[in-house]
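2 protein chains.
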Amino acid sequence: MNGLRIPPGIQVFNSIKNFRQWRRQILLDRQTLGYVPTMGALHRGHLSLVSKAKAACDHVALTIFVNPAQFSPNEDLGTYPRTLQADLDALAQHLDKAAVLVPQVAEMYPSGIEPEVSKQVGAFVEVKGFSHQLEGTTRPHFFRGVATVVSKFLNIVEPEQVFFGQKDAQQCVVIQRMIHDLHFNVKMNICSTVRESDGLAMSSRNTYLTPIQRKYALVLYNALKLMEEMYEKSTKHAPTLIAAATELVNRTQQEAQAECEIKLDYISIASPKDLNEVKGDIADGCIMSGAVYVGKTRLIDNLMVNVNL
Amino acid sequence: MNGLRIPPGIQVFNSIKNFRQWRRQILLDRQTLGYVPTMGALHRGHLSLVSKAKAACDHVALTIFVNPAQFSPNEDLGTYPRTLQADLDALAQHLDKAAVLVPQVAEMYPSGIEPEVSKQVGAFVEVKGFSHQLEGTTRPHFFRGVATVVSKFLNIVEPEQVFFGQKDAQQCVVIQRMIHDLHFNVKMNICSTVRESDGLAMSSRNTYLTPIQRKYALVLYNALKLMEEMYEKSTKHAPTLIAAATELVNRTQQEAQAECEIKLDYISIASPKDLNEVKGDIADGCIMSGAVYVGKTRLIDNLMVNVNL
Chain F
21 MNGLRIPPGI QVFNSIKNFR QWRRQILLDR QTLGYVPTMG ALHRGHLSLV SKAKAACDHV
81 ALTIFVNPAQ FSPNEDLGTY PRTLQADLDA LAQHLDKAAV LVPQVAEMYP SGIEPEVSKQ
141 VGAFVEVKGF SHQLEGTTRP HFFRGVATVV SKFLNIVEPE QVFFGQKDAQ QCVVIQRMIH
201 DLHFNVKMNI CSTVRESDGL AMSSRNTYLT PIQRKYALVL YNALKLMEEM YEKSTKHAPT
261 LIAAATELVN RTQQEAQAEC EIKLDYISIA SPKDLNEVKG DIADGCIMSG AVYVGKTRLI
321 DNLMVNVNL
Chain H
21 MNGLRIPPGI QVFNSIKNFR QWRRQILLDR QTLGYVPTMG ALHRGHLSLV SKAKAACDHV
81 ALTIFVNPAQ FSPNEDLGTY PRTLQADLDA LAQHLDKAAV LVPQVAEMYP SGIEPEVSKQ
141 VGAFVEVKGF SHQLEGTTRP HFFRGVATVV SKFLNIVEPE QVFFGQKDAQ QCVVIQRMIH
201 DLHFNVKMNI CSTVRESDGL AMSSRNTYLT PIQRKYALVL YNALKLMEEM YEKSTKHAPT
261 LIAAATELVN RTQQEAQAEC EIKLDYISIA SPKDLNEVKG DIADGCIMSG AVYVGKTRLI
321 DNLMVNVNL
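Residue numbers (the numbering used here), protein chains in the order written: chain F, 21 to 329; chain H, 21 to 329.
It is possible that some hints are incorrect.
Any copy will do: because identical chains look the same in the list, a pair fits if it lies in one copy or spans two.
Said to hold, decoys possible - Calculated cross-link-like contacts (lysine-lysine; reagent style DSSO-like; alpha-carbon spacing at most 30 Å):
no.	residue 1	residue 2
1	Lys245	Lys293
2	Lys283	Lys207
3	Lys253	Lys235
4	Lys253	Lys117
5	Lys293	Lys235
6	Lys37	Lys74
7	Lys253	Lys316
8	Lys139	Lys207
9	Lys37	Lys117
10	Lys299	Lys139
11	Lys207	Lys235
12	Lys187	Lys74
13	Lys283	Lys74
14	Lys37	Lys293
15	Lys187	Lys117
Simulated from the structure, these hints should not be mistaken for lab results.
Take these sequences, add in the hints, and give me the full structure.
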């Protein structure tokens, strides 16, 4: 925190105890608090969540915390962008007042946090049945880390409303289920994905992309749009849609070969109810989603078809 | 709830929503709430927790809920004593006012609750490193069920203070760790075990005992007391103490053979820090604990030696 310039209107808390005092006063004043959990590296997607929180509640709080429990040992925990000064400046330009809790790992995980799940000790939250598929296939412990840290933060922030971005669709389903099952006293809001002008979904990980990679990063969105278009115009048969999308990614991969490595992780058409793959025709709504590696950067995106999460 | 007589001063809630309204008013009145979670079949042990809650807080709430997630398919979920009318009457005699939430299983577990863990779906809380030993050896999923339901209730009741009995020592350690790790905004109180005049720890499961079994039920307490006495007078060597306690149980087993079956589950001397067995001499404090079957009834008890949980 050394050398940090706190812009006007922004209150930064490094300790949970001090944050709780600030929050307690809002409660006693009978005002409401809207909460946006983040890992920092704020972009327009985050700021749109902040706007929604501001519109719905008297006060806005953010947390900025790169959560070790949702990274596996081979992932980008060490290099994940940390841009606290820029985050605070962006917030101050975006709204007149906000509280930002920036806690230490040791305070968030009093029992410590081992990178390897088998060695972890202490309390963890799992949402069974919704965490092993899609993103959970390549990242089996990701949602356990997410559900655990969101539980912690909901208990610390105690907001009336919490705001998540639809870009992390499975995360939204997992957290929604957790809030419901564990009876957290909070209203969950899921807000549309904010995109660059060409359609690329905003993501803190986009900053990893070189200019060439940025050009090809649109491949996933294009594949999802293709499925949506075919769904509307020609077929509701999920495997046919996925085959067409996969074909598009493969084609782009070949075109890019010389200048940029592209690797498909998955393309999925899943039921919003249980996140299981649609095997035949899409009956009601569905979540079309996917993940690709562009260079070493893993990008995700999704489109909701006749679904309101 | 048909035919239930609600005694004066007692408010019974069957829905979480209505309970939350009652609780909200206490908050707005800037008063405090003490909470005692129970599975009903209230005995003097529970009532002593209620007294502690009343002394510490402006209002007292209990939950009465036989939690399916903490019973395995072969345990006594079906026959666990359900004595709601007697519970409410006992409460009314014990204090002038209290709120009692008696929720339905379907409302507590919105994703349903399968008896077999492998089939369960939805959000669950686990406290790793503290749930697999001692009670967790014979009841591997017990503390997952306990941690999950206590999480739910803490989110529903939102008490300033919560009260647990030391009789369930490992449960206290697990819940304490969970509250700490997940940052529940509540003060945890652990209250001494209440005993019958001969020393038998109060337990709802004592009602299962026939008069003959009741006579032999003291075997566990006697074994623990023997270890405590030897610790004070002759040796601090944990394996020696456990051998003596086991010997006492075996002797009682032989004496009882004709009229009552006694089976030792475990006798343990564990560190209060990590609940691991003390292998050699007891250095600081320890938890002396055990479980025995008297007939088909499983009884547990413990003594804390130089420990304040």
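Do the hints match the structure? See the list:
Proximity of Lys245 to Lys293 under the C-alpha cut-off of 30 Å is restricted to the intra-copy arrangement: shortest distance 22 Å within a copy versus 55 Å between copies. Proximity of Lys283 to Lys207 under the C-alpha cut-off of 30 Å is found in neither arrangement, the shortest distances being 37 Å within a copy and 50 Å between copies. Taking CA atoms no more than 30 Å apart as the test, Lys253 paired with Lys235 passes inside one copy only; the shortest distance there is 28 Å, against 79 Å between copies. In the homo-oligomer, the alpha carbons of Lys253 and Lys117 never lie at most 30 Å apart, since the shortest distance is 47 Å inside one protomer and 65 Å across protomers.
Taking the closest pair of Cα atoms, Lys293 and Lys235 never come within 30 Å of each other, the shortest separation being 34 Å inside a single copy and 55 Å across copies. Taking CA atoms no more than 30 Å apart as the test, Lys37 paired with Lys74 passes in both settings, with 24 Å inside one copy and 26 Å between copies. Taking CA atoms no more than 30 Å apart as the test, Lys253 paired with Lys316 passes in neither setting, with 35 Å inside one copy and 66 Å between copies. Taking identical chains as interchangeable, the C-alpha atoms of Lys139 and Lys207 lie at most 30 Å apart only when they sit on different chains, with a minimum of 28 Å there against 34 Å within one chain.
Taking identical chains as interchangeable, the C-alpha atoms of Lys37 and Lys117 lie at most 30 Å apart only when both belong to the same chain, with a minimum of 20 Å there against 33 Å between chains. With identical chains, the CA atoms of Lys299 and Lys139 are at most 30 Å apart between copies only, with a shortest distance of 22 Å across copies and 37 Å within one. Taking the shortest Cα distances, Lys207 and Lys235 never come within 30 Å of each other, neither inside one copy (38 Å) nor across copies (54 Å). Only within a single protomer do Lys187 and Lys74 lie at most 30 Å apart by alpha-carbon distance; the minimum there is 20 Å, versus 48 Å between protomers.
Taking identical chains as interchangeable, the C-alpha atoms of Lys283 and Lys74 are never at most 30 Å apart, the minima being 39 Å within one chain and 62 Å between chains. For a Cα distance limit of 30 Å, the shortest separation of Lys37 from Lys293 across copies, 24 Å, qualifies, whereas the shortest one inside one copy, 38 Å, does not. In this assembly of identical chains, Lys187 and Lys117 lie within 30 Å of each other by CA distance solely inside one copy; the values are 26 Å within and 49 Å between copies.
Going down the numbered hints, you'll see the structure goes against 2, 4, 5, 7, 11, 13, while the others check out.
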